[in-house]
Amino acid sequence: MDNVVRALACMAAACFFGMILRQPKSTLIYTAVIGLVGYVIFILMKGTLLAFFVSGLVVGILCELSARIAKKATTLFLISSIIPTVPGLGLYRSMMALSENNLELSLQIGVETLAGIGAIALALTIATAIFSCIRPLRLQRLKH
Amino acid sequence: MSTMKSIELNSAALAAQTILESSGETYRAEETALRMCDAFGLKEPQIMAFPTGFIISAVTNGERETRVFRVPERSIRLDTVDIVNNISRQISRGKMSANEAYDRLIALRNLPALPWWRGCTYFALAAAFFTVMFGGGFTEFIMSFCIGFLVQTAQFPLARLNFPNQLRAFLLGFLAAFLSVIVLQLIPGQQESLITGVIMPLLPGLSMTNAVRDTIRGDLISGLGRGAEALISAVLLSAGVAAALLFKGMLWTM
Chain A
4 MDNVVRALAC
14 MAAACFFGMI
24 LRQPKSTLIY
34 TAVIGLVGYV
44 IFILMKGTLL
54 AFFVSGLVVG
64 ILCELSARIA
74 KKATTLFLIS
84 SIIPTVPGLG
94 LYRSMMALSE
104 NNLELSLQIG
114 VETLAGIGAI
124 ALALTIATAI
134 FSCIRPLRLQ
144 RLKH
Chain B
123 MSTMKSIELN
133 SAALAAQTIL
143 ESSGETYRAE
153 ETALRMCDAF
163 GLKEPQIMAF
173 PTGFIISAVT
183 NGERETRVFR
193 VPERSIRLDT
203 VDIVNNISRQ
213 ISRGKMSANE
223 AYDRLIALRN
233 LPALPWWRGC
243 TYFALAAAFF
253 TVMFGGGFTE
263 FIMSFCIGFL
273 VQTAQFPLAR
283 LNFPNQLRAF
293 LLGFLAAFLS
303 VIVLQLIPGQ
313 QESLITGVIM
323 PLLPGLSMTN
333 AVRDTIRGDL
343 ISGLGRGAEA
353 LISAVLLSAG
363 VAAALLFKGM
373 LWTM
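Respectively, the protein sequence lines represent chains A and B.
For the first sequence, the numbering used here assigns the number 147 to the last residue and increments by one with no breaks.
For the second sequence, the numbering used here assigns the number 376 to the last residue and increments by one with no breaks.
By construction, these hints were calculated from the structure, which means they are not laboratory data.
Treat each hint with caution, since some may be false.
Claimed, not checked - Taking lysine-lysine and the DSSO-like style, the derived pairs with C-alpha atoms no more than 30 Å apart in a straight line are: (1) K28(A) to K217(B); (2) K28(A) to K74(A); (3) K165(B) to K74(A); (4) K74(A) to K370(B); (5) K165(B) to K217(B).
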C-alpha cells in the first residue's frame with residue numbers, strides 16, 4: 004500500500020514538475036509514466052551507481068521513442084521524466100553529514116551523488132546518440 | 123535591398139531567438155533557423171548560436187545580410203519551444219509563408235506569462251509529491267506544500283532585484299532547508315523527506331539535459347557552458363542547505 008502511494012506520488016511529482024516547465028499538456032502523461040518507470044528501476048536496483056545508469060538509459064530511450072510517437076521534440080519529455088531519478092536524497096544526506104561535522108561520511112555520500120549525476124548524464128548521452136544517428140544526415144541534405 | 127527577402131531572414135532569426143529565450147537547446151535554434159532559411163530559398167545560410175545570443179546571415183538578392191541578436195533573459199517555456207518547432211515543420215513542408223510565420227511568432231512572443239500564483243502552486247505541488255515519494259506522510263505533504271509555495275514566491279523579488287542567477291540557488295536552498303527546520307521544531311515530522319522534497323524541483327534538471335544534448339550535437343561551447351551552469355547551481359544549492367543546517371545547529375547549542 005505504501006509503495007502504491009509512493010508510486011502515485013512519483014507520477015504526480017513528475018507531472019507537476021513538467022507543469023512548472025510549461026510542458027505541452029499532451030506530453031504530461033508520457034513523462035509521468037516514464038518518470039515512474041525510471042524511479043522503479045532505480046529502487047529495484049537498490050540505488051547503486053549502476054542503478055542511476057540503467058534507469059537513465061531506460062528513461063532516455065523511452066523519451067526518444069515517445070517523442071517519435073507524439074511527433075514532438077525530445078526535450079519536452081526528457082527533463083521532467085529524469086527528475087525523479089536525480090539524486091536529491093544523496094545531496095541532502097551529504098549536507099546533513101557535513102552539518103554534523105562528519106566530513107568523511109559527507110564526502111563519501113557527496114562523491115557518490117556526483118558520480119550518480121555523471122552516470123545519468125552518460126546514460127542520457129548514450130540514449131540520445133543512438134537515436135541522433137538519423138538526424139544529422141537530414142540536416143546535411145538541407146545544407147547544400 | 124528588397125523588404126520581402128528581409129522578412130524571410132527576420133522570421134528565421136525570430137524563431138531562433140524565441141527558442142533560445144525559452145531555454146530550448148542551442149542546436150535546436152540553429153537547426154530551426156537553417157531549415158527555415160532553406161525552405162524560404164535563402165542562399166548559403168549560416169548561423170552561430172550560443173545560449174546567450176546568436177549571429178545569422180544569408181544571401182538575399184545577391185547580397186549577404188547579417189543579423190546579430192543578444193538573448194539577455196531566458197525563461198523556461200517548453201510550450202513555446204514546441205510551437206516554434208511545429209511552425210518550422212510546416213514551413214519546411216511548404217505549408218506556411220514567411221509573412222505568416224513572422225506574424226505567428228510575434229503573436230507567440232506576446233502571449234501573457236502564467237499568473238504567478240499558478241506557477242507557485244505547481245511548484246508547491248511538485249515539492250509536496252516529491253516529499254511523499256521520499257517517504258513522507260500527510261503532515262509532511264502539507265508542510266512541503268506550504269514551504270514550496272513560499273520558496274517559489276521568493277524567486278520573484280530576487281528576480282526583480284537582478285540578483286545573480288547562481289547565488290539565487292544558494293539563497294533558495296538556504297530558505298527551503300531553514301523553513302523546513304523551523305517548521306519541524308513546531309510540529310514533529312521527518313526532516314529528510316521534507317527537505318529533499320522541497321529541493322528536488324530546484325535541481326538544475328533542464329541545464330543538465332540540455333548540456334548533454336548540445337554536446338552530442340557537437341555544440342561544444344553551449345554544452346560546456348550549460349554543464350558548468352548545472353554543476354555550479356547544484357553545488358550552490360547544496361551549500362545553501364548545508365548553511366541552513368549548520369545555522370540551526372549553532373542556534374540550538376546557544
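Taking the hints in turn, this is what the structure says about them:
1. As the CA atoms of K28(A) and K217(B) are separated by approximately 25 Å, the hinted pair is consistent with the 30 Å bound.
2. Using a Cα cut-off of 30 Å, the hinted pair K28(A) and K74(A) holds, with the two alpha carbons roughly 14 Å apart.
3. The suggested pairing of K165(B) with K74(A) holds, with an alpha-carbon distance near 29 Å, which does not exceed 30 Å.
4. Under the criterion of a C-alpha separation no larger than 30 Å, the hint pairing K74(A) with K370(B) is inconsistent with the structure, at around 50 Å.
5. The hinted pair formed by K165(B) and K217(B) meets the criterion: a straight-line CA distance of about 20 Å does not exceed 30 Å.
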